[in-house]
Amino acid sequence: MLCGQVIECDWHGWQFDVRTGECLTVKERLETYEVVIEDRLVK
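Under the working numbering, think of the first position of the sequence shown as 15, with each following residue one higher.
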């Protein structure tokens with residue numbers, strides 16, 4: 015679920031900042047990738 019700049023995993027409830035990949039609930043980090051949205055598609 016995405017709320018503002020934070021996405022939450024439905025499975026375990028961890029929250030991540032979508033801009034940086036930083037986990038807001040535990041000391042972990044996700045890989046982040048630059049994306050482009052064209053015609054409502056994420057590329």
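Hints were generated in silico from the structure; no laboratory data involved.
Be aware that one or more of the hints could be misleading.
[Claimed, not checked] Simulated crosslink set (DMTMM-like; lysine to aspartate or glutamate; CA at most 25 Å straight-line): (1) K41 to D24; (2) K57 to E36; (3) K41 to D53; (4) K57 to D24; (5) K57 to E22; (6) K57 to D31; (7) K57 to E45; (8) K41 to E22.
[Unchecked claim] Taking CB as the label site, the calculated pair distances span: (9) D53 to W25: 16 to 22 Å; (10) W28 to D53: 19 to 25 Å; (11) H26 to R54: 28 to 34 Å; (12) L55 to T34: 32 to 38 Å; (13) Q19 to L55: 28 to 34 Å; (14) I21 to K57: 25 to 31 Å; (15) K57 to G27: 16 to 22 Å; (16) H26 to E52: 16 to 22 Å; (17) D53 to Q29: 18 to 24 Å; (18) H26 to V56: 29 to 35 Å.
Backbone N, C-alpha and C define an ideal beta-carbon position, used for all residues, glycine too.
Consistency of the hints with the structure:
1. For the given pair, K41 sits about 18 Å from D24 by alpha-carbon distance, which is consistent with the 25 Å threshold.
2. A threshold of 25 Å between alpha carbons decides the hint, and for K57 with E36 the separation of about 22 Å falls inside it, so the pair holds.
3. A hinted pair counts as satisfied when its Cα atoms are at most 25 Å apart, and K41 with D53 does not qualify at roughly 36 Å.
4. This hinted pair checks out: K57 and D24 have alpha carbons roughly 24 Å apart, not beyond 25 Å.
5. In summary, the hint linking K57 to E22 is supported, as the alpha carbons are separated by about 22 Å, within the 25 Å threshold.
6. With a C-alpha separation of about 20 Å, the suggested pair K57 and D31 falls inside the 25 Å cut-off, and the hint holds.
7. The suggested pairing of K57 with E45 holds, with an alpha-carbon distance near 16 Å, which does not exceed 25 Å.
8. Between K41 and E22 the CA atoms are separated by roughly 15 Å; this keeps the pair inside 25 Å, and the hint holds.
9. Between D53 and W25 the Cβ separation comes to about 30 Å, which falls outside the hinted range of 16 to 22 Å.
10. For W28 and D53, the hinted distance range of 19 to 25 Å is not satisfied, since their beta carbons lie about 31 Å from each other.
11. Judged by the Cβ atoms, the range 28 to 34 Å given for H26 and R54 holds: they are separated by roughly 29 Å.
12. For L55 and T34, the Cβ-Cβ distance of about 24 Å falls outside the hinted range of 32 to 38 Å, so the restraint is violated.
13. One distance hint, 28 to 34 Å for the beta-carbon pair Q19 and L55, is violated here, with the actual separation near 21 Å.
14. Distance hint check for I21 and K57: the Cβ-Cβ separation is about 19 Å, which falls outside the suggested range of 25 to 31 Å.
15. The beta-carbon spacing between K57 and G27, approximately 29 Å, falls outside the hinted interval of 16 to 22 Å.
16. One distance hint, 16 to 22 Å for the beta-carbon pair H26 and E52, is violated here, with the actual separation near 32 Å.
17. For the pair D53 and Q29, the supplied restraint of 18 to 24 Å is violated, since their beta-carbon distance comes to about 30 Å.
18. A C-beta distance of roughly 24 Å is found between H26 and V56, which places it outside the suggested range of 29 to 35 Å.
Violated hints, in rising order: 3, 9, 10, 12, 13, 14, 15, 16, 17, 18; the structure is consistent with all others.
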